[in-house]
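Q: Kindly produce the complete structure, drawing on both the sequences and the hints.
Those sequence lines, one after another, are chains A and B.
Take 1 as the starting number for the first sequence in the working numbering and just add one per residue.
Take 174 as the starting number for the second sequence in the working numbering and just add one per residue.
In case anyone wonders, no lab produced these hints; they're calculated from the structure.
Some clues are possibly wrong.
On the chain B side, residues computed to face chain A include the following (Cβ under 7 angstroms) [as the list claims (entries may be wrong)]: (1) Val182; (2) Asp183; (3) Leu195; (4) Ala202; (5) Glu203; (6) Glu206; (7) Ala211; (8) Ala212; (9) Ala216; (10) Leu236; (11) Gly297; (12) Leu299; (13) His348; (14) Val351.
Cβ coordinates follow ideal geometry from the N, Cα and C atoms, glycine included.
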Amino acid sequence: MPEDAAEGQVVELPAAARVADVAIDELEMIYAFIYSRVGNRADAEDLTQQVAMKAIPRLRQGAPASAVRGYLFATARSVLGGFWSTRLGLSESELHEDLAMAMPQRGYSEESVERVRRVLEQLSDNYRRVLELRFLHGYSLKEVAVEMRSTVGAVKVMQLRALRAAAKVRLDE
Amino acid sequence: MSERPEDRVDRIVGALLRGRRLKLRGGDAEEKEAVVMAARLAAARQGSQLMSPAFRQRLVKELGATPRESWMTRRAALVAGLGVVAGAVGGGLLGRSLDGGGSQPSAAAGKVVQPTNGRWIDVGALADFAPGQARIVRAGAVGAFVTRDGDNGVSAVSSICSDLPCELWWDSSQHALVCPCHNRTFTAKGSSNGTYKLRSLDVVQARVQDGRVEVLGT
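A: Printed below as a string of structure tokens:
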């Protein structure tokens, strides 16, 4: 097909290019999904790239977007499992609750943000406060200590305990 | 001296809050639940994330995907029984094939649905079309969302998504046309919403004649 094909001319792109086009849009959602679990851009990019490289060659040519999405999410869960397993020695069963959650039905990581909000609601006032100030408002330990009328050392311990408590919260999906 | 658990976790939290990669040391696994939760909280602070343009471009290149701009202009829609011509050149063709009076699509609107042997079909009284609300109509084989423009004008777009062959629906709360197949949305005028644009919806020709709305159908 000539590069200067006239506007309006009926053309057909190779099916492989079509799948990759659909996948690029779907990978936006995969990126958000991964980012919401690793919390930083560099790791999220590496893992998204791994998902793309693993999944794209195996996608059926001409696959609808819905099928592309399902396959990409399954691959993303596998890649994330490998990431945490390598970094922390977490087993698949330990990751099950976190990673086996259904594909987000709303755009990007809104569901993940909502989930975090619901987790925080389950915590005691002090634990919720320390995590909100530190993570959601970006306070330093010292600023949290001033806000909570405590010491840096005590806040550091409270932060650890609050994170442990938050990790134990089980939400009814 | 071994690192205390609270110091270990705060080191990781500090890195996450500065947007750094998760670099873990031996022993960090002892606080694995807290570390996983810290990563989720750090992500929640940033809210929904999109790929950076540079990373997206790199992925496109690696996947061998068609660059989006090229895809938007060259991708053709072929609807059974309908010829689709580009809006940019469609004006002249329209002038030859129609008797005028229909809404004239802008160049930015993309393609115009031009049924072979098309005819104007009455789809209702203008008064039945609320301003700003897209309403689905059928003009033979042509499905369209018609929107009232001002007191006496109308415009219409195809009821089929420009990306996947799925029928759109009008979500009045979002004030958008929604594709059920992949949750992408369009304005009532057919422009793609969101950061990354899909091709605009095909334009369906519509006009007002004696207080009645007519759509060029089959």
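Q: Confirm or reject each hint.
A: Hints and how they fare:
1. The beta carbon of Val182(B) is positioned within 7 angstroms of a beta carbon in chain A (closest approach about 5 angstroms), and the interface hint is therefore held.
2. Proximity of Asp183(B) to chain A holds as hinted, the smallest CB-CB distance being about 5 angstroms (cut-off 7 angstroms).
3. Here the hint on Leu195(B) is kept, as its CB sits about 6 angstroms from the closest CB of chain A, short of 7 angstroms.
4. Checking Ala202(B) against chain A: minimum C-beta separation of about 5 angstroms stays under 7 angstroms; hint holds.
5. Hint on Glu203(B) is violated. Least Cβ distance to chain A is approximately 9 angstroms, over the 7 angstroms limit.
6. With its C-beta approaching chain A no nearer than about 4 angstroms, Glu206(B) sits inside the 7 angstroms limit, and its interface hint holds.
7. Against a cut-off of 7 angstroms between C-beta atoms, the interface hint on Ala211(B) holds, since the closest Cβ of chain A lies about 6 angstroms away.
8. Contact between Ala212(B) and chain A, as hinted, is supported at the beta carbon level, the nearest pair being about 4 angstroms apart and thus within 7 angstroms.
9. About 4 angstroms separates the beta-carbon of Ala216(B) from the nearest beta-carbon of chain A, less than 7 angstroms, and the hint is met.
10. At a threshold of 7 angstroms, the smallest CB-CB gap from Leu236(B) to chain A is about 4 angstroms, leaving the interface hint in force.
11. For Gly297(B), the interface hint is violated, since its Cβ never comes within 7 angstroms of a Cβ in chain A; the closest pair sits about 31 angstroms apart.
12. The interface hint given for Leu299(B) is broken, as the beta carbon of that residue sits about 31 angstroms from the closest beta carbon of chain A, more than 7 angstroms.
13. Annotation: His348(B) was flagged as interfacial toward chain A, and the flag is violated, the nearest CB pair being 16 angstroms apart, outside 7 angstroms.
14. The restraint placing Val351(B) at the interface with chain A is violated, with a minimum CB-CB distance near 12 angstroms, outside the 7 angstroms limit.
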